[in-house]
Amino acid sequence: MAPEITKIESTEFKYPLEDVGTDTHGFNLVYEPGATTERKLFAIKVQTDTGITGEYIGGNSPGAAQYNTVADYLIGKNPLKREKHWSEVKRALRKYDRMGIGPIDIALWDFAGKYYDAPIHELLGTYRERIPVYASTYHGDENGGLDSPEAFADFAEECYDRGFPGYKIHGWGGGDTARDLNREIAAVHAVGKRIGDEMDLMHDPACELETFGDALKLGRALDEEEFFWYEDPFRDGGISQHAHRKLRQALDTPILQTEHVRGLEIATDFVANEATDFVRADPEYDGGITGAMKRARVAEGFGLDVEFHAPGPAQRHCIAATRNSNYYELALVHPKCQNTQPPVYHGNYSDMIDAIDSNGTIPVPDEPGLGVEYDWDYIESNTTGSVHTYE
Numbered sequence: 007m008a009p010e011i012t013k014i015e016s017t018e019f020k021y022p023l024e025d026v027g028t029d030t031h032g033f034n035l036v037y038e039p040g041a042t043t044e045r046k047l048f049a050i051k052v053q054t055d056t057g058i059t060g061e062y063i064g065g066n067s068p069g070a071a072q073y074n075t076v077a078d079y080l081i082g083k084n085p086l087k088r089e090k091h092w093s094e095v096k097r098a099l100r101k102y103d104r105m106g107i108g109p110i111d112i113a114l115w116d117f118a119g120k121y122y123d124a125p126i127h128e129l130l131g132t133y134r135e136r137i138p139v140y141a142s143t144y145h146g147d148e149n150g151g152l153d154s155p156e157a158f159a160d161f162a163e164e165c166y167d168r169g170f171p172g173y174k175i176h177g178w179g180g181g182d183t184a185r186d187l188n189r190e191i192a193a194v195h196a197v198g199k200r201i202g203d204e205m206d207l208m209h210d211p212a213c214e215l216e217t218f219g220d221a222l223k224l225g226r227a228l229d230e231e232e233f234f235w236y237e238d239p240f241r242d243g244g245i246s247q248h249a250h251r252k253l254r255q256a257l258d259t260p261i262l263q264t265e266h267v268r269g270l271e272i273a274t275d276f277v278a279n280e281a282t283d284f285v286r287a288d289p290e291y292d293g294g295i296t297g298a299m300k301r302a303r304v305a306e307g308f309g310l311d312v313e314f315h316a317p318g319p320a321q322r323h324c325i326a327a328t329r330n331s332n333y334y335e336l337a338l339v340h341p342k343c344q345n346t347q348p349p350v351y352h353g354n355y356s357d358m359i360d361a362i363d364s365n366g367t368i369p370v371p372d373e374p375g376l377g378v379e380y381d382w383d384y385i386e387s388n389t390t391g392s393v394h395t396y397e
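Take any residue in the sequence shown, count from 1 to its spot, add 6: that is its number in this note's numbering.
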C-alpha cells in the first residue's frame, strides 16, 4: 500500500534576537545594543499513515496564508508524488506568489528521506558532502557595530581569520540620511583594499539604491576592487530583465539576480535574456527543494552557476547535489550580535558564525531526511497561538 497523508499542522512561533533592532523604516535588521527583536516562523508537520512525519521550520506569513489551499489538496494523497503535487499546487496558486509551496514541499522531501532511510542529498544525487561558506553580514547600522567602512573592513578581516573564503556586505538603508552612496562606495574600497586579495567579496544592497545611476556608480567601485558578484542593487526590486542586462553591459563585476523573481519560467527568461550572470535559488521561496533544484538545472543548462539564498538544512542538501554552485550563505553575521538562526535544533546542527571548519566549509547532514531534529517543546512553548490543523 502506498503511504497517505493524514494530517498537516502549521504552528507559528516566536523567538528573540538580543541586541538586534531594525533601521528607521523597520525593514532591515541591524545591531542595536540593548534591544530585543522578536522573529516569527512556522513549524510544519506532514503526518502520514506510516507513522513517519515530514517536518520543516521556516517560511513567512504570506506563504502560510496559502497553506489552506495546499493542505486541503494534499490530505489523502501519496506524499511521495512530489512532482505531481508541485505541478498541481503551482497551478492552483497561479494568482499568488506561490510562497506557500516551499515549506510543505521541503517537509515532503523530509518524509521521503525518512521513508527511504536516506538523507535528501542522496535522493537528489550527492555531488559533495562539505560546502564552502561565505559570511553574509547584517545591514550597516549607526550604533557602534557595522557603522562605518572601517568597521566592515575590520569584520571582513575577522571573518578571514576565522577561515571564511568569502564575505558579503549588506550596506546601509532605512532612510534618506542612511542611504549615503559615498559611504557605500567607501565601504567597498575599505573592504577591497583590506582583504580583497585573500577572499571572494560580494555586495548586496538589498534593492536600497534609489536609481540606476547609483547602482552604476557603486558597481564601478566593485569593478575596481574586483568583487565576485553584485546582487539586487536598486529599486526595480530585483526583477527588471532590461535594467540588469544594461547594468551587466556597463560593468565587469558579475550580476547575481532572481532572488525576488518568483516562478521557474520567469527566472529562466531572466537567464535567457542575459539579465544575470549567476542564478539565485531558494528552497523556501522557489517552490521547495523541487522548485529550487529545477532552477539549478536551468542554470546548469545555460552553463551558469546557481547560488542558493540563505542558510538552512534544505539549502545544504540542495548545494550538496549541485555541481555548479560556489558557496553556502551563512547569514546574517555580525561582530557583536548573534546570527538569526532560531533556537530549534537538537544536536550539532548550527548556522552560527563558528560553524565552519578550518577550511571554511560546513558539513551536509547525513541522517535521513533533512537530517536535523527539531525542538518541538521550544516551538510549542513559544507559539503565538496561531496553530492550524488540516485533516
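Errors might be hidden in some of the hints.
[Unchecked claim] Each computed DSBU-like pair below joins lysine-lysine, with the alpha-carbon atoms no more than 30 angstroms apart:
#	residue 1	residue 2
1	51	300
2	300	342
3	342	83
4	199	342
5	83	13
6	252	87
7	13	101
8	13	46
9	199	252
10	96	46
[To be verified] Here are the in silico distance ranges between beta carbons for each label pair:
#	residue 1	residue 2	range
11	189	56	24 to 34 angstroms
12	83	389	24 to 34 angstroms
13	271	243	11 to 21 angstroms
14	216	24	30 to 40 angstroms
15	389	102	17 to 27 angstroms
16	392	248	39 to 49 angstroms
17	75	30	32 to 42 angstroms
18	156	56	51 to 61 angstroms
19	392	226	18 to 28 angstroms
20	372	229	23 to 33 angstroms
If you are wondering where the hints come from, they were derived from the structure by calculation, not from laboratory data.
Small disclaimer: the values here were computed from a predicted structure and weren't measured.
By construction, the Cβ of each residue, glycine as well, lies at the ideal position given by its N, Cα and C atoms.
Each hint, compared with the structure:
Taking the CA atoms of residue 51 and residue 300, the gap is near 24 angstroms; set against the 30 angstroms cutoff, the hint holds. This hinted pair does not check out: residue 300 and residue 342 have alpha carbons roughly 38 angstroms apart, beyond 30 angstroms. At most 30 angstroms may separate the alpha-carbon atoms for a hinted pair to count; residue 342 and residue 83 exceed this at roughly 48 angstroms. Proposed proximity of residue 199 and residue 342 is supported: the alpha carbons are some 23 angstroms apart, at most 30 angstroms.
Distance check on the hinted pair: residue 83 and residue 13 sit about 11 angstroms apart at the alpha-carbon level, within 30 angstroms; holds. Distance restraint check for residue 252 and residue 87: the Cα-Cα separation of roughly 42 angstroms exceeds the 30 angstroms cut-off, and the hinted pair is therefore not satisfied. Restraint check for residue 13 and residue 101: satisfied, since their Cα atoms lie roughly 26 angstroms apart, inside the 30 angstroms limit. At roughly 23 angstroms between alpha-carbon atoms, residue 13 and residue 46 fall within 30 angstroms of each other, so this suggested pair holds.
A C-alpha spacing of about 28 angstroms is found between residue 199 and residue 252, which places the hinted pair at or below 30 angstroms, so the restraint holds. Restraint check for residue 96 and residue 46: the C-alpha separation of about 25 angstroms stays at or below 30 angstroms, so the hint holds. About 56 angstroms separates the C-beta atoms of residue 189 and residue 56, a value inconsistent with the hinted range of 24 to 34 angstroms. Our hint of 24 to 34 angstroms for residue 83 and residue 389 holds, since their Cβ atoms are close to 27 angstroms apart.
Taken as a hint, the range 11 to 21 angstroms holds for the pair residue 271 and residue 243, whose Cβ atoms sit roughly 18 angstroms apart. In this structure the supplied range 30 to 40 angstroms holds for residue 216 paired with residue 24, their Cβ-Cβ distance being about 32 angstroms. Taking the beta carbon of each, residue 389 and residue 102 are about 25 angstroms apart, inside 17 to 27 angstroms as hinted. Separated by about 41 angstroms at the C-beta atoms, residue 392 and residue 248 satisfy the suggested range of 39 to 49 angstroms.
At about 37 angstroms, the beta-carbon gap between residue 75 and residue 30 stays in the expected band of 32 to 42 angstroms. Distance hint for residue 156 and residue 56: a CB-CB separation of about 57 angstroms, consistent with the stated range 51 to 61 angstroms. At about 47 angstroms, the CB distance of residue 392 to residue 226 disagrees with the hint of 18 to 28 angstroms. Between residue 372 and residue 229 the Cβ separation comes to about 41 angstroms, which falls outside the hinted range of 23 to 33 angstroms.
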